[in-house]
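Undergrad: Taken in sequence, the protein lines are chains A and B. Per this note's numbering, the very first residue in the first sequence carries number 1; after that it's consecutive. Per this note's numbering, the very first residue in the second sequence carries number 1; after that it's consecutive.
There's no promise every hint is true.
[Said to hold, decoys possible] Computed list of lysine-lysine pairs in DSBU-like fashion (alpha-carbon distance at most 30 Å, straight line): (1) Lys38(B) / Lys306(B); (2) Lys62(A) / Lys62(B); (3) Lys62(B) / Lys306(B); (4) Lys158(B) / Lys306(B); (5) Lys306(A) / Lys62(A); (6) Lys168(B) / Lys238(A); (7) Lys238(B) / Lys62(A).
[As the list claims (entries may be wrong)] One-sided excerpt, in silico: chain A residues whose CB lies under 7 Å from chain B: (8) Ser148; (9) Tyr149; (10) Tyr176; (11) Ser225; (12) Arg228; (13) Val287.
FYI, nobody ran anything at the bench for these hints, they're computed from the structure. Just so you know, these numbers come straight off a predicted model, no measurement behind them. We treat Cβ as the ideally placed atom computed from N, Cα and C, and that holds for glycine.
2 protein chains.
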Amino acid sequence: MKRYLPFVAYAALCAAFPLLAQEAEIYPAPSEIVAAAKADEWVAIKSSDLMIMDLAPDSTGKPRRVVIQLMPAPFSQGWVGNIRKLAAARWWDGTSINRVQDNYVAQWGDATEKKALPEGLAMVPESDYVTVLQPASVKEANWGRRDSYVDAATIIYKGWPIGLNQDKTAAPVHCYAMVGVGRNLSPDTGSGAELYTVIGHAPRHLDRNIALVGRVIEGIEHISSLPRGTGALGFYEKEEDRVPILSVRLGNEVPDAPTFEYLNTDSASFAAYADARANRRDPFFNVPAGGADICNIPVPIRRQAK
Amino acid sequence: MKRYLPFVAYAALCAAFPLLAQEAEIYPAPSEIVAAAKADEWVAIKSSDLMIMDLAPDSTGKPRRVVIQLMPAPFSQGWVGNIRKLAAARWWDGTSINRVQDNYVAQWGDATEKKALPEGLAMVPESDYVTVLQPASVKEANWGRRDSYVDAATIIYKGWPIGLNQDKTAAPVHCYAMVGVGRNLSPDTGSGAELYTVIGHAPRHLDRNIALVGRVIEGIEHISSLPRGTGALGFYEKEEDRVPILSVRLGNEVPDAPTFEYLNTDSASFAAYADARANRRDPFFNVPAGGADICNIPVPIRRQAK
Numbered sequence: 001m002k003r004y005l006p007f008v009a010y011a012a013l014c015a016a017f018p019l020l021a022q023e024a025e026i027y028p029a030p031s032e033i034v035a036a037a038k039a040d041e042w043v044a045i046k047s048s049d050l051m052i053m054d055l056a057p058d059s060t061g062k063p064r065r066v067v068i069q070l071m072p073a074p075f076s077q078g079w080v081g082n083i084r085k086l087a088a089a090r091w092w093d094g095t096s097i098n099r100v101q102d103n104y105v106a107q108w109g110d111a112t113e114k115k116a117l118p119e120g121l122a123m124v125p126e127s128d129y130v131t132v133l134q135p136a137s138v139k140e141a142n143w144g145r146r147d148s149y150v151d152a153a154t155i156i157y158k159g160w161p162i163g164l165n166q167d168k169t170a171a172p173v174h175c176y177a178m179v180g181v182g183r184n185l186s187p188d189t190g191s192g193a194e195l196y197t198v199i200g201h202a203p204r205h206l207d208r209n210i211a212l213v214g215r216v217i218e219g220i221e222h223i224s225s226l227p228r229g230t231g232a233l234g235f236y237e238k239e240e241d242r243v244p245i246l247s248v249r250l251g252n253e254v255p256d257a258p259t260f261e262y263l264n265t266d267s268a269s270f271a272a273y274a275d276a277r278a279n280r281r282d283p284f285f286n287v288p289a290g291g292a293d294i295c296n297i298p299v300p301i302r303r304q305a306k
Numbered sequence: 001m002k003r004y005l006p007f008v009a010y011a012a013l014c015a016a017f018p019l020l021a022q023e024a025e026i027y028p029a030p031s032e033i034v035a036a037a038k039a040d041e042w043v044a045i046k047s048s049d050l051m052i053m054d055l056a057p058d059s060t061g062k063p064r065r066v067v068i069q070l071m072p073a074p075f076s077q078g079w080v081g082n083i084r085k086l087a088a089a090r091w092w093d094g095t096s097i098n099r100v101q102d103n104y105v106a107q108w109g110d111a112t113e114k115k116a117l118p119e120g121l122a123m124v125p126e127s128d129y130v131t132v133l134q135p136a137s138v139k140e141a142n143w144g145r146r147d148s149y150v151d152a153a154t155i156i157y158k159g160w161p162i163g164l165n166q167d168k169t170a171a172p173v174h175c176y177a178m179v180g181v182g183r184n185l186s187p188d189t190g191s192g193a194e195l196y197t198v199i200g201h202a203p204r205h206l207d208r209n210i211a212l213v214g215r216v217i218e219g220i221e222h223i224s225s226l227p228r229g230t231g232a233l234g235f236y237e238k239e240e241d242r243v244p245i246l247s248v249r250l251g252n253e254v255p256d257a258p259t260f261e262y263l264n265t266d267s268a269s270f271a272a273y274a275d276a277r278a279n280r281r282d283p284f285f286n287v288p289a290g291g292a293d294i295c296n297i298p299v300p301i302r303r304q305a306k
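Generate the whole structure from the sequences, applying the supplied hints.
TA: Here you go:
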């Protein structure tokens, strides 16, 4: 068994310490709760809601595929619509990742800033950074907490981390791997052509100030492990440092694309998982925290069995 | 000017939008508040409290130096004492970074698990994960907030993020770049030979469960941008994937080591900076959050002018 781990693999543990297996049955780790969830607690993600971004292979020739899940209604649909059009127009093919700022974001799009956008993109108003959620919808969420960034609660709503305000407005939350729309100064809201993903501690001050349109559900490591840019804001200073994007397609346009499902966030297993994330009692832990912030309760997502 | 940024450089902004310069004078960005702090608001960090870790150069031959600031009393001093002894014994020379788990931690030490430890290391009890802080000391902190992980408050105390509990115990907080001591199952508390640093969203469930001993103050990008390990828990599966550590020395043993200072967290400039981090009103922002979590208020640290 590996020694000195901040985290210990369950199987190795039980083999080494048979008595702990019993305790672990009483207090399973979050990953074990997810593994034990029933088949009908998982929700399939439509392939048309996926965006597959293939980067150029790495220096050893290994392919680098990043899979993004686009946000469903009622959030950010103006930008999501634009992104579907940009993917259909193959607009990102030949663009690049141009900025990687440590503990913040990585950003991609057209480094030349001269590539013409396809026709028919919407100009989305700033009012669409938030959505009005009816109290009845909010009651469906089975996890909610107050935190420093909202005056009502953060909830996990239909599979997504959402911040709620007293005025009934709601906005997606900038957790790790969430994908947002770069923009210029207000009143610009961005078209969706310039995108970024979070690669550090949740930059929640961006909530309600920028549109979030999805999250990376596979392959984030191909982005988060890129060299940091040495220019201002983490931009790459030399053209050859940029990471080429070979293609971006919606999932239904990619014949060999895997399919995914997420754990229904209204399910009993999700409630147990969220509780276990906030109160770690599996064998490694001495003191359960008694709580967790919304970005420490990532929604479980996995490939569907073929 | 770069378009579509989630964040815009101040100088470029003022050049392009002269009117905004006036607004920015009223609502400076956090970085501007730090830049304007008075010389006597900065506190020198003793070079003997620094640990300089030189990794093998990267694939292009570029040196990779990581600077860690060790925690001062009254926190985790048993482990910090061990770490000083390990550095003095040059114990880490020839060891490696063996684990890089995305959005979690990177860990280094002896991959063979066979290297003998120097004599005289302390066995530190679990009770030392926390420290009792007197209320008088706590009052000195000029920033404090309740959050999901503590039942009293998180404070920034003498330059460090600290969680306070109702029972008057206090423990350092697992923010990005904090450095902790890997351990096996309780009652093992780790010697300090196996260390890790946080490279993702703050894993606060580890607070009070593992000793924190310092933070990376320069060069975290040499660790956070490493390829993720493909084994369980992000361990590298092949020996050649490990990142060699050439040497680890205390700062006072390295002739050319830079010196650093941090912004006094009891200063007026720190209070203004923390407030601005929680209420972004600089030109890019439309809606100030009204709050921030402790890990989104990193203590400003910089190289001292020579």
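Undergrad: Would you mind marking each hint as holding or not holding in the structure?
TA: Evaluation of the provided hints:
no.: 1; hint: Lys38(B) / Lys306(B); verdict: holds, 17 Å
no.: 2; hint: Lys62(A) / Lys62(B); verdict: holds, 23 Å
no.: 3; hint: Lys62(B) / Lys306(B); verdict: holds, 24 Å
no.: 4; hint: Lys158(B) / Lys306(B); verdict: holds, 24 Å
no.: 5; hint: Lys306(A) / Lys62(A); verdict: holds, 24 Å
no.: 6; hint: Lys168(B) / Lys238(A); verdict: violated, 52 Å
no.: 7; hint: Lys238(B) / Lys62(A); verdict: holds, 16 Å
no.: 8; hint: Ser148; verdict: holds, 3 Å
no.: 9; hint: Tyr149; verdict: holds, 5 Å
no.: 10; hint: Tyr176; verdict: holds, 5 Å
no.: 11; hint: Ser225; verdict: holds, 5 Å
no.: 12; hint: Arg228; verdict: holds, 4 Å
no.: 13; hint: Val287; verdict: holds, 5 Å
Checked against the numbered hints above, the structure breaks only hint 6 and satisfies the rest.
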